[in-house]
Amino acid sequence: MKRYGTWKYLLILLVLGFGVLYSLPNLYAPDPAVQVSYSSSSQTADTFLANRVEEAIESENLEVKIELENDYVLVRTDSYQNQLRIKEILSRYLINDVVIALNLAPTTPGWLQGIGANPMKLGLDLRGGVHFLMQVDTDRALKNRQDGTLQDLRIRFREEKIRYSQAEIDEDSSIIMNFNSLNAKQKALAFVRDNYTQFNLPTSSSDDTSLRLTLSELEIEQIESDAIDQNLTTLRNRVNELGVSEPIVQRQGKKRIVVQLPGIQDTAEAKNILGKTATLEFHLEAQMDTPRSRKTSYPYRNGLGAPAFLQDSIILGGDQVATAQASFDENGLPQVNITLDGEGGSKMHRATRGNIGKRLGVLFVEQKTRTVYERDSDGNQIPIQESYEVKEIISLATIRAALGTTFRITGLDSPSESSELALLLRAGALAAPMTFVEERTVGPSLGADNIKAGIFSMELGLALVLGFILFYYRVFGIAASLALTFNIVLLVAIMSILSATLTLPGIAGIVLTVGMAVDANVLIFSRIREELERGRQPMDAIDAGYNRAFLTIWDANITTLIVAVILLSYGTGPVKGFAITLSIGIITSMFTAIMGTRAFVNLIYGSKTNLKRISI
Amino acid sequence: MTFNIDFLAKRKIAILFSSIFILISISSIALKGLNWGLDFTGGTLVELSYPEEANISIIRETLLSGGFEGAQVANFGTSSEVLIKLPGTVSDSLGSEIVSLLSSASSDRIDLRRIEYVGPQIGSELRDDGGTAMLIALAFMMLYIAFRFQSMFAGAAVVALIHDVIIVIGIFSIIQAESDLTVLAALLAVIGYSLNDTIVVSDRIRENLRSSELENTKDIINMSLNQTLGRTLITSLTTLLVLFSLYFLGGELIKNFALALIFGVLIGTYSSIYIAANALLMMGLTKDHLRVEEPEGADDNPLP
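Sequence lines, in order, name chains A and B. Using numbering that gives the first Met the number 0, read the first sequence as starting at 0 and increasing by one per residue. Using numbering that gives the first Met the number 0, read the second sequence as starting at 0 and increasing by one per residue.
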C-alpha cells in the first residue's frame with residue numbers, strides 16, 4: 000500500500016482549521032441594537048452624542064450597552080421589544096439632527112474580527128425588511144433634457160434673428176421646428192451644427208421647411224446613464240434620511256434600481272419617500288403681454304384660488320437648493336426655509352431684482368404613475384404603467400425686494416407636507432420618475448420563523464443522512480459522516496468570507512448539498528465493495544475504489560455545477576440564493592468526500608500491514 | 000448489494016409507461032395549464048397572521064366592502080394565517096392598503112408576515128428568463144457530455160432530461176401546485192440531479208463497453224445498470240431523506256420547491272435506468288463507437 004502523503008494530511012488539517020475558524024462567527028447570535036448618527040455627513044458621532052443617547056435612555060431603566068463606533072453610536076439590547084422601545088424613546092428625546100436606525104449588531108469576538116472572520120449576511124427573507132425594484136423612466140429624462148434645449152434654442156434663435164413658426168417635442172423626444180422659409184431653416188441648421196453637438200443632424204437638404212433634431216445614440220446613452228446615476232445618488236440620500244442600517248441601493252440591468260431596506264416594516268412610508276419625484280420650480284408670473292406660447296396656466300395645489308399663468312422659463316429648480324428645513328411662520332403656519340447654492344442665489348437675485356412688484360410663483364412638480372390598459376395585437380388588455388407630471392402652484396407672492404440665497408416658502412397645507420417637502424428638497428430630486436415594478440416585504444416574525452424552519456430542516460436532514468450511512472457503511476460511514484459535517488463547515492466558512500447573503504432557498508441549497516454530497520462517497524464505497532467481491536485484497540480494493548470512482552464523481556459534479564452557475568447568472572432573488580450555496584457546496588463536497596474520507600480511511604487502516612477485513 | 004435484473008427486457012413496457020405519462024403531462028399542461036405563482040403572473044399578495052383562528056369569510060366581506068374585488072383569501076399553513084392574493088397589477092400600493100383596511104376592521108393585533116407585489120413587465124420577464132436558463136442548461140449539458148463521452152450519450156441524456164422536466168411540470172399541472180420562482184430553481188436542480196444519475200450509469204456503460212468480454216451491447220448495458228443500481232438507490236434515498244425533511248419542516252415558502260425536487264428525484268432515478276439506457280440502445284451504440292477515442296485506460300487516472 001502506498002503511503003498517503005503527509006502533505007495531504009497537513010492540507011486537510013489546514014483547510015479544516017481554516018473552515019472552523021471562519022465559520023465560527025456564525026455561532027454568535029447578533030444583538031438587537033439601535034444606531035444613532037448625525038444626519039449631516041460632515042459630522043461624525045462623538046462622545047457628546049453618546050452622552051445624549053445615554054441620558055435619554057437612563058430614565059427608562061432598560062438593560063443596554065452603549066458603544067461609540069466610527070460613524071455612529073450603537074445601543075445594544077437583549078430583546079426585539081426593547082429595541083423598538085429604545086428607538087421610540089430616542090426619536091422622542093433627540094432633536095431632529097440625528098438619524099435613528101434599527102440594526103442587528105454582530106457579537107463576533109474581537110480576535111475573530113481581527114483575522115477578518117465575520118458572520119454571513121442574512122437575506123431579507125430571514126431578517127425581515129423590504130425589497131424594492133424600481134424602473135427608471137429614462138424617456139422622461141430625455142424629454143426633460145430636450146425641453147431645456149428647446150427653451151435655450153428659442154432664446155438663441157431670437158438673438159440670431161432666425162424666424163420659426165412652431166416648435167415642439169414629439170413622441171420620440173425629437174425637437175421639431177417649422178421655419179417660414181428654406182433660408183431660415185438653413186441658417187438654423189448651420190447654427191445648430193456650430194453650437195450643439197448632441198444631435199444627429201439631417202444631411203440631405205430637402206425642400207421641407209421643418210427641422211428635426213434627434214439626439215444621437217451616444218448622447219441618449221449618456222443622458223440615460225446620468226439619469227440613473229442621479230437617481231441612485233438621490234435614493235441613497237433618501238434612504239439615509241429614512242434611517243436604515245446596511246441598506247442596499249444598486250443598479251440592476253439597464254434601467255432598474257434595487258433598494259433593500261433591512262428592518263423596515265412601514266413600507267408605505269418608505270415607498271412614499273423613495274418614489275416621490277416632487278421638486279420645486281420657480282417661475283415669474285406671466286404678464287399680459289407674454290405670448291401664449293410661452294406661458295402656461297396652473298391650478299393651485301390647495302384648490303383655493305383661480306388658476307394662474309406662469310412664464311414657461313424656469314428661474315431655477317429644486318436641484319439648486321442647498322438645504323431646506325421645515326418650520327412654522329409667525330402665525331404658526333407650516334413653512335419651509337430654503338437656502339440656495341451660490342449659483343442658484345445669483346440666478347434668483349438676477350431674476351428678481353428687475354421684477355420687484357411682480358409676483359414670483361413656486362410650482363410643486365410631482366411625477367406620478369398610473370396604469371392604463373391597452374389592447375395588444377391579439378386583442379388582450381395589457382396593463383401599461385405610464386408616468387405623468389402634475390404641476391401645481393404652492394405660492395404666488397409679490398416680490399418686495401431682490402431675493403438672495405435664503406428665503407422661505409409658505410402656503411403649505413400641513414406640517415407633514417412641509418417636512419416632506421423639506422426632506423425631498425434636501426435629498427435632491429430624481430432625474431427621472433420611477434415606477435415600482437416589484438416589492439417584497441417580509442415581517443420580522445416571518446423572518447425569524449424562516450430561520451427556525453430552515454435550521455430545523457437542515458438538522459433533521461443531516462441527522463437522517465448521517466444515521467443511514469453510519470448504519471449502512473459502518474467504519475467507512477464514520478468517514479463519510481465526518482466528511483459531510485466538514486463539508487457544511489467549509490461551505491459556511493466560504494459563504495462568510497465571500498460575505499455572501501444567506502436566504503431561505505440558500506438554506507435549501509445547503510440541505511440539498513447534504514443529500515447529494517453523499518453520492519461521491521456512495522460511488523467510492525460501492526466500488527470498493529465490488530472490488531472486494533472480485534476477490535481483491537482490502538487495501539487494493541480501497542485504492543481501486545477511489546481511483547475508479549474519481550472520474551465519475553468529477554463528471555457528475557461538473558455537470559451539476561454548470562447548472563448551478565447558469566442559475567446564478569440568470570436567476571434573481573430566491574433562485575440566486577439557492578444557486579450560491581449549491582455551487583459552493585458542490586465544490587467543497589468534492590474536496591471533503593474524496594480527500595477527506597481517503598485520509599480518514601488511511602488513518603484507520605493504512606498502518607495495518609496485513610489487513611484482512613474492512614468494515615464497509 | 001448485487002443485482003441481476005434484466006432491465007432492458009422490460010424496455011417496451013417502460014417506453015409505453017413513459018409515453019403515456021408524457022402524453023398525460025402535455026395534455027394537462029395544455030388543457031389545465033399551470034397554477035402560476037405571483038412571480039410569473041404579477042399581482043399583489045399579502046400574508047397576515049391573526050392571534051387566533053382567522054375568519055376567512057369576514058375577511059372576504061371586509062375586502063369586498065373595501066373595494067378589493069377578486070381578492071382570493073385562503074388559510075396558509077395554519078388556521079391563524081391568511082393569504083390574500085390579488086391578481087392583476089393595478090397599483091403597487093394595494094398591499095399596504097389591504098393591511099391597513101384589515102387592521103382597522105379587526106380588534107385583534109394582526110401581524111404582517113409579508114407583502115409581495117410583482118409588476119406586469121417583471122412577471123413575463125422572469126418567465127422568459129427561466130425558460131432561457133433551462134434551454135441554456137440543456138445545451139451546455141449536451142456539449143459537456145458530447146465532449147466527455149460521445150454524442151450518443153449526450154443525446155440519450157437530453158432525452159432523459161426532457162422526459163423528467165416534462166413529467167415534473169405535468170405533475171405540477173395535474174395537482175395544480177403553485178409554480179413560482181423556487182419551483183423554477185427546483186426544476187433546474189432536477190436537471191442537475193437527473194444528469195448526475197445518467198452520467199454515473201453512462202460512465203459505467205462506457206467502461207464496460209471498453210473492457211468487458213461481452214459483445215452484445217444490450218448485455219453490457221444491463222450489466223452496467225445492475226452494477227450501479229445499488230449506488231443509484233442509496234443516493235436517491237439520502238437525497239429524498241433531506242427533501243422530505245425540507246418538505247415537512249422547511250416552512251410553507253419551501254414546500255413546492257421540495258415537492259418539485261421529490262418528484263424530480265424519483266423520476267430522474269427511473270429515467271436514468273430506463274430512458275437514458277434505452278435511448279443508447281435504440282440509437283445503436285456498440286463497442287465500435289468507443290474504440291477510436293481515448294485508447295488509453297481513462298478510468299485508471301491518478302488520484303487527486
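A portion of the hints provided could be inaccurate.
What the hints assert, rightly or not - Sample of chain B residues lacking proximity to chain A, with all beta carbon distances greater than 12 Å (derived): (1) I14; (2) S78; (3) R112.
Unchecked claim - Chain B regions said to be covered by chain A (calculated; three or more residues, Cβ under 8 Å): (4) 67-77; (5) 120-134; (6) 208-220.
If you're looking for bench data, these hints aren't it; they were derived computationally from the structure. Quick caveat, the model's predicted, so the values are computed rather than measured. A virtual CB, placed ideally from N, CA and C, is assigned to each residue, including glycine.
Tested hints:
| no. | hint | result |
| --- | --- | --- |
| 1 | I14 | holds (25 Å) |
| 2 | S78 | holds (16 Å) |
| 3 | R112 | violated (4 Å) |
| 4 | 67-77 | violated (count 0) |
| 5 | 120-134 | holds (count 7) |
| 6 | 208-220 | violated (count 0) |
Against the hints set out earlier in the document, violations occur for numbers 3, 4 and 6.
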